[in-house]
Amino acid sequence: MSKFTKKRGKAKPAISTASLPDIIFMLLFFFMVVTVMRTSEQKVKVKVPEATELTKLEKKSLVNYIYIGKPLRKFQEVYGTSPRIQLNDKISTEADIPLFLEQHKLKVQEQSRPLITTSLRVDEEVTMGIVQDVKVALRKANQLKVNYSAIQRNK
Amino acid sequence: MARKSNKDRLSNEINAGSMADIAFLLLIFFLVTTTIDVDKGITVKLPPWSEEEVDPTKLNKRNVFSVNVNALNQLQVRGELMEIGELRQKAKDFIINKDDQGAEKPTKAIISLKNDRGTKYNTYLEVYNELKAAYNELWTEDLQRNYPGYSDTEYNDKLPLEIRRALKLKIPFVLSEAEPTAFGDEG
Chain W
1 MSKFTKKRGK AKPAISTASL PDIIFMLLFF FMVVTVMRTS EQKVKVKVPE
51 ATELTKLEKK SLVNYIYIGK PLRKFQEVYG TSPRIQLNDK ISTEADIPLF
101 LEQHKLKVQE QSRPLITTSL RVDEEVTMGI VQDVKVALRK ANQLKVNYSA
151 IQRNK
Chain Y
1 MARKSNKDRL SNEINAGSMA DIAFLLLIFF LVTTTIDVDK GITVKLPPWS
51 EEEVDPTKLN KRNVFSVNVN ALNQLQVRGE LMEIGELRQK AKDFIINKDD
101 QGAEKPTKAI ISLKNDRGTK YNTYLEVYNE LKAAYNELWT EDLQRNYPGY
151 SDTEYNDKLP LEIRRALKLK IPFVLSEAEP TAFGDEG
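First to last, the sequence lines map onto chains W and Y.
Just so we're aligned: 119 in this note's numbering is position 119 of the first sequence, and the numbers increase by one with no gaps anywhere.
Just so we're aligned: 186 in this note's numbering is position 186 of the second sequence, and the numbers increase by one with no gaps anywhere.
Treat the hints with care, as some may be off.
25 Å max Cα-Cα, derived SDA-like pairs, lysine to any residue [as the list claims (entries may be wrong)]: (1) Y:K168 to W:V146; (2) W:K56 to Y:Y150; (3) Y:K40 to W:F31; (4) Y:K168 to W:L57; (5) W:K145 to Y:P172; (6) W:K145 to Y:E154; (7) Y:K40 to W:G80.
Listing some non-contacts, in silico: residues in chain W with all C-beta distances to chain Y over 12 Å [claimed, not checked]: (8) K47; (9) R73; (10) K74; (11) F75; (12) E77; (13) K90; (14) S92; (15) A95; (16) Q103; (17) Q109; (18) E125; (19) R139.
The set of hints was computed from the structure by calculation and includes no laboratory data.
Glycine residues also receive a C-beta, built at the ideal position from the N, C-alpha and C atoms.
The whole structure should be built from the sequences, with the hints applied where relevant.
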């Protein structure tokens with residue numbers, strides 16, 4: 001007994017870090033669950049407008065994204081400063097939209113294809129001309145479910 | 001090398017100290033790749049593509065609530081200039097025919113939205129938002145008046161499908177978008 005107490009007195013006991021992994025794992029799982037992988041590199045600047053009457057996009061796999069905005073500064077030498085369309089990670093034109101939609105369709109199961117939504121992430125500074133061209137292209141490709149991306153404004 | 005005694009070996013545990021490091025590494029990876037933005041927006045159903053344009057002159061002018069937005073982001077509603085803040089109330093009055101100037105009945109009401117190629121997207125979406133809000137408010141009012149048990153609920157997408165159908169049958173959301181004019185500057 002006396003030997004035991006002596007030993008303890010000599011070296012200070014270290015703080016137990018055994019529960020540290022548990023805490024970290026908990027955080028890890030939280031972030032794993034909420035993570036949405038960044039699918040493509042952003043090449044155009046998009047700041048979506050504010051609105052109040054919003055609906056949530058439910059199934060991420062049934063959504064394809066079209067970005068419209070001015071090219072970022074580092075791409076302006078190549079693509080200029082007027083608003084452009086970005087599909088996947090390429091700056092494109094509205095002529096590329098049917099192929100883009102078709103490629104996305106192939107990844108979706110056949111029975112859920114009518115539920116595919118196109119999310120238009122359009123910068124608030126963009127004028128309607130280019131948006132109109134995209135809308136016409138979507139209508140011609142028979143992709144009629146569209147969501148104008150926006151952020152919630154406090155009422 | 002001297003063999004460790006049996007007692008020593010028993011007291012050995014797997015060293016869990018590096019577990020934290022591994023977890024940290026994964027944590028940092030997910031922290032960096034995470035974007036916590038829920039995708040929200042105004043959902044719209046576009047009309048199918050057809051070559052011929054709808055002729056608005058065939059419609060009874062009384063049933064059409066025309067909203068024009070020009071390249072200077074100004075609003076013209078049924079021939080009069082208007083601020084965006086008034087739009088929601090005016091649209092509601094039109095649909096339910098409050099002052100006898102509106103649509104004959106809500107099912108006949110048509111909202112016609114026309115913009116310019118130079119109109120800012122921000123303005124366009126704001127106008128669209130107001131029009132949608134007008135309908136949402138009417139649906140909410142109808143819901144609270146006619147459906148017992150829903151007197152405090154606002155209209156939303158989580159309501160039972162048959163109620164939503166019934167509400168939309170009574171007050172259908174008909175919005176037609178005309179081909180935009182091309183007077184303003186794009187860019």
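Consistency of the hints with the structure:
The straight-line distance between the Cα atoms of Y:K168 and W:V146 is roughly 19 Å, inside the 25 Å bound, and the hint therefore holds. A C-alpha spacing of about 22 Å is found between W:K56 and Y:Y150, which places the hinted pair at or below 25 Å, so the restraint holds. For the hint pairing Y:K40 with W:F31, the CA-to-CA distance comes to about 21 Å; that is within 25 Å, so the pair holds. Simply put, Y:K168 and W:L57 have alpha-carbon atoms about 21 Å apart, close enough for the 25 Å limit, and the pair holds.
At most 25 Å may separate the alpha-carbon atoms for a hinted pair to count; W:K145 and Y:P172 meet this at roughly 18 Å. Distance restraint check for W:K145 and Y:E154: the Cα-Cα separation of roughly 24 Å lies within the 25 Å cut-off, and the hinted pair is therefore satisfied. For the hint linking Y:K40 to W:G80, the alpha-carbon distance of about 30 Å lies beyond 25 Å, and the restraint is violated. The claim that W:K47 is not at the interface with chain Y is violated, since a C-beta of that chain comes within 12 Å of its own (minimum 10 Å).
Distance check for W:R73 against chain Y: the nearest CB is about 17 Å away, which clears 12 Å, and the non-interface claim stands. W:K74, annotated as away from the interface, keeps every beta carbon of chain Y farther than 12 Å; the closest lies near 20 Å. Residue-level check passed: W:F75 sits 17 Å from the nearest beta carbon of chain Y, beyond 12 Å. Every C-beta of chain Y lies more than 12 Å from that of W:E77, the closest at about 18 Å, which supports listing it as non-interface.
With 12 Å as the threshold on Cβ separation, the claim that W:K90 sits away from chain Y holds: the shortest Cβ distance comes to roughly 20 Å. For W:S92, the shortest C-beta to C-beta distance to chain Y comes to about 18 Å, beyond the 12 Å cut-off, and the non-interface label holds. No Cβ of chain Y approaches the Cβ of W:A95 within 12 Å, the least distance being about 15 Å, so the stated non-interface status holds. Once the 12 Å rule is applied to beta carbons, W:Q103 is consistent with being away from chain Y; the minimum gap is 20 Å.
The claim that W:Q109 is not at the interface with chain Y holds, since no C-beta of that chain comes within 12 Å of its own (minimum 21 Å). Here W:E125 does not stay apart from chain Y, with its beta-carbon only about 7 Å from theirs, under the 12 Å limit. With a least CB separation of 4 Å from chain Y, W:R139 falls inside the 12 Å interface cut-off, contrary to its annotation.
Figure legend: structure checked against the earlier numbered hints; hints not met, in rising order: 7, 8, 18, 19.
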